[in-house]
Structures are given as C-alpha cells and as structure tokens.
Amino acid sequence: MVKDRSISSLVLDIVIHITLVFLVVVTLYPIIYIFSVSVSSAAAYEAGKVVLWPAEFTWDAYKIVFEAGTVPNAFKNTVIYTVLYTVLSLFFTTTMAYPLSRPAEKLAFKGFYNKLVVFTMFFNAGTIPIYLVVQSVGLLDSMWSLIIPALITTYNLVVMRTFFVSIPVELEEAAFLDGANEFTIFYKIVLPLSKAAIATVGLFYGVYQWNSWYSAMLYLKTKEKFPLQLVLRDIIVQNQMAAELAAQGDMSMMTEVQSNVESIKYATLFISIAPMLAVYPFIQKYFVKGVMVGSVKG
Amino acid sequence: MNNKKVVALVAGTVATATLLTSCGGSHKVGESYKDENGNKIYTYEFNMYVQDDKDYPTGVTKFDEMIKKDFGIEFTYDRIPRTNWETKTNTYFATNNAPDVTTGGKENNYKNWASKGYLQPIDYNKLPDWKALWSEEDLEKVISNAENADGKLYYLPSVRQEKAQMCWLYRKDVFDKLGLQPPSTIDEFYTVLKKLKEAYPDKTIWSANGGGTSTLTSMMQAYWMPELILQQNSYVDPVTKEFVPYALATDAAREMYKFLRKAYTEGLIDKEIMSIEKEQFYNRLSTGHVFMAYNYVYNTTLFNEKSQRDNPDANWTWSPNMITAYPEKGTIYKRDPLYSNWGPAFSTSIDSEEGKFDAILKYFNWCATDEGSLYNTYGIEGETFTYVNGVPTLNEDMYHESKNTKGTKLSTIYGSMGATFLKHPVMFAEVRGDIIEPLWETYNSKPDYYYFEQIPFKYTDEEETKKVDLETALNSVRDQYMAKFLMGEYDPNNDADWKQYLTDLGKVGLADYEALQKAAYEKVLASGK
Chain A
1 MVKDRSISSL VLDIVIHITL VFLVVVTLYP IIYIFSVSVS SAAAYEAGKV
51 VLWPAEFTWD AYKIVFEAGT VPNAFKNTVI YTVLYTVLSL FFTTTMAYPL
101 SRPAEKLAFK GFYNKLVVFT MFFNAGTIPI YLVVQSVGLL DSMWSLIIPA
151 LITTYNLVVM RTFFVSIPVE LEEAAFLDGA NEFTIFYKIV LPLSKAAIAT
201 VGLFYGVYQW NSWYSAMLYL KTKEKFPLQL VLRDIIVQNQ MAAELAAQGD
251 MSMMTEVQSN VESIKYATLF ISIAPMLAVY PFIQKYFVKG VMVGSVKG
Chain B
1001 MNNKKVVALV AGTVATATLL TSCGGSHKVG ESYKDENGNK IYTYEFNMYV
1051 QDDKDYPTGV TKFDEMIKKD FGIEFTYDRI PRTNWETKTN TYFATNNAPD
1101 VTTGGKENNY KNWASKGYLQ PIDYNKLPDW KALWSEEDLE KVISNAENAD
1151 GKLYYLPSVR QEKAQMCWLY RKDVFDKLGL QPPSTIDEFY TVLKKLKEAY
1201 PDKTIWSANG GGTSTLTSMM QAYWMPELIL QQNSYVDPVT KEFVPYALAT
1251 DAAREMYKFL RKAYTEGLID KEIMSIEKEQ FYNRLSTGHV FMAYNYVYNT
1301 TLFNEKSQRD NPDANWTWSP NMITAYPEKG TIYKRDPLYS NWGPAFSTSI
1351 DSEEGKFDAI LKYFNWCATD EGSLYNTYGI EGETFTYVNG VPTLNEDMYH
1401 ESKNTKGTKL STIYGSMGAT FLKHPVMFAE VRGDIIEPLW ETYNSKPDYY
1451 YFEQIPFKYT DEEETKKVDL ETALNSVRDQ YMAKFLMGEY DPNNDADWKQ
1501 YLTDLGKVGL ADYEALQKAA YEKVLASGK
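Going down the list, the protein sequences come from chains A and B. Under the working numbering, the residue at position 176 of the first sequence is numbered 176, and the numbers go up by one with no gaps. Throughout, the working numbering is defined as the position within the second sequence, counted from one, plus 1000.
FYI, nobody ran anything at the bench for these hints, they're computed from the structure. Glycine is no exception: its CB is placed at the ideal position from the N, C-alpha and C atoms. A couple of the hints might just be wrong.
Result set (DSSO-like, lysine-lysine): computed pairs, CA atoms no more than 27 Å apart in a straight line [as the list claims (entries may be wrong)]:
(1) A:63 to B:1088
(2) A:225 to B:1409
(3) B:1362 to A:225
(4) B:1406 to A:223
(5) B:1271 to A:63
(6) A:221 to B:1116
(7) B:1329 to B:1446
(8) B:1406 to A:225
(9) A:221 to B:1088
(10) A:49 to B:1271
(11) A:63 to B:1409
(12) A:221 to B:1152
(13) B:1278 to A:49
(14) A:63 to B:1106
(15) A:221 to B:1409
(16) B:1467 to B:1088
Between beta-carbon pairs, the in silico distance windows are [claimed, not checked]:
(17) A:154 to B:1065: 50 to 58 Å
(18) B:1177 to A:33: 48 to 56 Å
(19) B:1348 to A:282: 49 to 57 Å
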C-alpha cells in the first residue's frame, strides 16, 4: 500500500487523531473521575480538590461499602441473575430464532409467528398486567421474576434470526444427508458458526440484566435478594430525598447521611461498572462482527 | 420419531404444570386466628418505608408480644426502601394487593388512593387520645386540610412538633469583621450583599443548598408569598385576606424578579443558583465562598463543620430576622404546618372482618397516649432506657439522633413500631426542640411577623384532573421565565417582556386556573373552614 504524503492527507490524519483522542478523553474521564472520588477523602472532594486524580487518598469508602454487607450481597445477586439470565435468554432466543430463520416449508405458520414477534416489539402489556401475571404464577419475591418475564427480547431475537438466515441452507442439507436430525444440525453446525452473534446478543442480555433495577424494585420484597443496581439507586436517591423528607418533619435521613456519602456513592458506582469494563474487551472481537449482522447483503 | 414424542410430552407436562400453578391461590395475610388462650388475634399486612440498611429482627420481638397481648393484633411487615415506596405501593393498590395498613405516604398519595376507593374512611372519634394531640381549634384545621373532598378522613396525621425551622444563616465572623448586621429589609439585604461583595469580590456571597427553583423561596417570602408557593400557586394574604390564585403572575412577583435580576447582574447571588446541587453548595461552604444562605436552623452545625475544615474561625449562626420587601406591612416567615402526613391509612380490606378495624384503631389511639409515645420513642424501661432524675434516658449503647448516631436503634431490637404521632417531648427537646424553640420564640416576639395559613381546598376528581393539567402547563412556563428573568434573556424591568410572560401564561390557561382556584376558595369560605 502506498502511503499518501500529501498535505491534505496529513491534515486529515491530524484531525482524525485529535477527534479520537478527544473521544478517548470524554469516554475515560468520567470513569477515572468516579474512581478518583471514591478513593479521595470527603473533605478533599468537597473542597473541590478532586478534578482528575485522587486527593487525600483513602480506601475508607470501599471499606464502608464492603463492611456494610449490603453491597457485597447485592453484587453476588447481580452476578447470579446476570449469568442465569444471559444463559437462559441465549438458549431461548437461539432456539426460537433458528426455526424462524428456516424456509417457510420447514415451519408451519412461519409468517404468523414472525408477525407475532414483531407485534411485541411495538406493543406491550404494561406494568400492571405484567405484575399481575408475575403474581399469579407465584414469582413475586423470587429471583425468577427478574429472569422469566424478560427471557426473550424481540430486538435480540431479530438479530439472531437475521444471522441464522445468513448461514447457507446447503450446510444443513449436507448434514441431513449424513444422518443428522434438526437438533444435531442446530447444536453441532449452526451454533458453532454463530459465535459472533451469540457473543453480541449475550452482551446485550448481560448488560441489560446487569443494569436493571426496575423489575427488582417492583417484584422483590426481601432485601437480601436485591441486585446491586437497586442498592446503588437507593444510595443515590436517598441522599436526594433527605431534604424533601426533612421538610415534612422526618429528619432521620438527614442524620443518617454520613459525612463521606459522596465517596461511598462513587465507590458503589465504580463497583457496579467495573465488571462490565473488565468483560467487554474479551468479547469485543465478536461484538464488532456481530453488530454487522444483516448490514451487508449478498 | 420417539425423540419427538418425548420432547412433546415433556413440553406438554411443563405447560400444564405452569397453568395449574398459576391457577392456585396464594395465602393472604390478614385473617384472624385464635391464640393458645383462645383469644382472637387479628393479623395485618403492614406496609412501610425504610431508609437505611439496618437489619430488622426476624423473630417475634417484645413489641410483637406486647401488641398481641394488649391489643390482640399481629403485624406482617413489608418494609420497602423509601426510594421505591411510592411506585411499589401504587402498584399494590392498582393490582388489588393493597396492604391492610400503609404508612409513609404523602397527603396527595392518600387523597388519591381514597378518591379511587382503595382506602377505608376513619371515624376519628374512636381515637380520643389521638384527637387530644391538638387543641380543638387546631384539630379542626388539621381535619379540614387532611380530609378528602367527600369530607371523610382517610389517614391519621401526626403532630408536626417543629413549629418553625427555616431561617437565614450567615457567617457571623465575616459580618462582625465588616461591621454588618443581619438584614431585615430587602434594602438592607442588598446593602449587606454589596458590602460583602466589595470586601470579597471573588466570592459567591449568597447561595442555596440545591433544589432548582426552590432555591429562591427565601425571596418569595420577602415579597410576601408563601415559601411553598411553587407547589401551592395560590395563597391568602395574612393581613389583607385577599385571595391570590396564581402568585407568580402578580406585581409582587415582578418586583421579586427585578431584585433577583439586579443581584444576579451584580454578582451578589450564586451564578448557578437555579441548578446548584447540594454537593456544589458544600464545596462552596468548604472553600469559604458563601456568607448567607436560607436554610434549616439546625444546619448551622453542618455549615460550621464544612466551613471550619479550612477556616477554623468560620462561624455560621442563624439570623433572628426574616427579610421583607414591605417593612411597613410586615414580615413573612414560614410556620410549619400543624401536622405531618405519614399516615397510617387503612385499605378497604381492613373491614373484611368484624372487629378488625376497631382493634387496630385502638392500638393507634394508644400510640398517641403518653405511654405510647414513651414506648415508641424510648422502648422498654430497664431494657433500652432508664429514668435518670425522673427523665427518660436511653441506654448509652442506644441510638440517639444528636448524642449517639452509631448506637443501636430501637427498630433493630423491636422491629418497626407502629406510628409515632408525637415524639416524646423530652427526646424532641434533646434532638431539635432546643434549637427550634428559640427560633420560634424569636419570630413570635417580633411585631408584624406573619405566616401563611394552609387553605383547605377540596376538589372533585374532575376538578383535580383539570387543576393538575393546568398547573403542569403553567408551572412549566413559570419556571422557564424564572430562569430567563434571572439570567437576563428577558428583563422583568421591561414592560414588553413582562407582558410576554403573562401572555404565555395566558396561552396555557392562566385565566382558567384562576377561575378554578377562585371557585375552590369560595367553596372553602362557604364551608366556614
């Protein structure tokens, strides 16, 4: 490849580099800032001494967070919910997407099923009916209430189905001639060829469950079952509510607020984002391939 | 083929099992039973909010034993973090899962649930000790404000022991150094701010502790509007008795905006006053940028803690003066309402069994007695407190709001104890009364100091919906213009700009809102309340 050494190319390179460096800075800064506040003293933070790097370094906030017990337990819950949800969702999504991706003659009422799937993309029952369903099947205050109602996301199903469509049907025919049945074809031929899409959709599911708190807030009653994001939300929003409650005569939250509440807030925040930051690089190579699914025809 | 049949059989079995599971009924707390002595025990699902991560006891506590023995009642608690309480409780009511007893709501929650038929009206004449928490005159005011449009009471208010909490806090050390006195009129206030700015040109001077447009509530009172006018919109002037249906569209509001614009232009007020967060305010305190702020009187300690980190000489103190723009007429201060509205409220299920409602009312009436107040505040004598010189005193290891914030809370030992309609007077004096009472007495001792009374508006469901819609639209325009007036995009001194503001309010229904509020106020007058 011949390198373009013209002035315009050089200028373009500089602009691209500046843009990318800027992008890196605006992406990294909040993460570094969160970490810096979490390991700085409350006094240093309030005095505005934390701009990028920690000031008056201390692990106190992390000690408080881990000693309190709530956050470690919530962290464990979130890991369990996320892993279970991702595995189960991938199972159900792939097993539903595969038949929908096959020719119409292999699946009766395929058009109807496809329309049914798309319908749920635009219309849903709403909070109250879903709550009633969760209650009627006895899932209230169970971790399954966070997993089962959201097992299949339509968007992810469509991504998966589109990927399966791109796998040549001749491969299946060859396997079929060799004696493989539908299950063998699916597990031994189709799935191994779909790692990129599975990693992508798995990431979508994983991130969704990791960040989710609303379902837990609605369906869970036992504090010991709360996921991390719900606990984090409590820490952040309770602080904001203290003044509101005090105005109504309840001062207990004002006195509950610890002096280093900001550091605790940021420490919890960092704990909640760290695992996702750690996982992402390992699936990035699949992710890039996966998100391109369906973008090129031919 | 056989494989397919096996799969079909398994899938069919799972589907059938799921359906059967969903058809099964679930156990409902709330049915009475007979204890070992043959006494009838009523059970209640008790919904409440919690606001810390403290553990609650899981077994039967002495409190549980006491209410079972003395009142024949038993609670099953649903403790919900405060941040989730409203959404979750709304869902309970909307899905026909209403708890028997609900505590922790705001008045609008209770009134809303009551108007939808979820709550049971309370015959408060069955609660003589609860009624005795207020004087007859005050009780009438409490009831008229707390009851629904149908004239029935659906929740039990608590006594608001804090009579006045809000005041101006100022840096006494700086004021003394510059020979300044805490201001009492808007002109004095302006002079003080100017002198502070001259002495400290790079400082913020006057700021507020976060909260968006509510950071300017001190100025609303200076211009004779209630502190909570941004929520209430209407008021009755305590001197002229004139009813003002939408305060932020009056000449007084314009004068307030003119003053704020001047202060903002001259750098006397925090440039971020409309968007400041609590953390930013603490930052200004810690770095000695603020010399005046309108806040809770007991926050003097907190302000000093923050300010004295870098400057041990910093000395925040509360001002005995509120500020008024109309000194010839008088001065406005915020008198806290006579009651707080945490509840309890009772769902209609409470009446499912004869005697169930009366049993729990008997218990809540006891909570309002001296004995109940002592129990709920101090626990059990000999276990969590003792009498020292005739005064109840918590054991050293127990939590105390001002003396031992690391101690064990009563709720950790006894669980969540019913309702505290009135904190025990000794405890109240220790934790807050000693700070609040002097402020209250100061305001009361001053001539021409007034406060706004709550207006017991009552709306039908249709009126309520219309009111909420109009308020949403009007307040949106109001808040936009508040920022524009302050920051200079519009000038309140300019007639055309002010007219534009009123025109925009008019477009979203100012006239309709004023008519609605006037009609509601006339109903209040007609009712004699």
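- Message: Going through the numbered hints above, which ones does this structure break? Give me the numbers in ascending order.
- Response: As far as the earlier hints go, 1, 3, 5, 12, 14 and 18 are violated by this structure, in ascending order.
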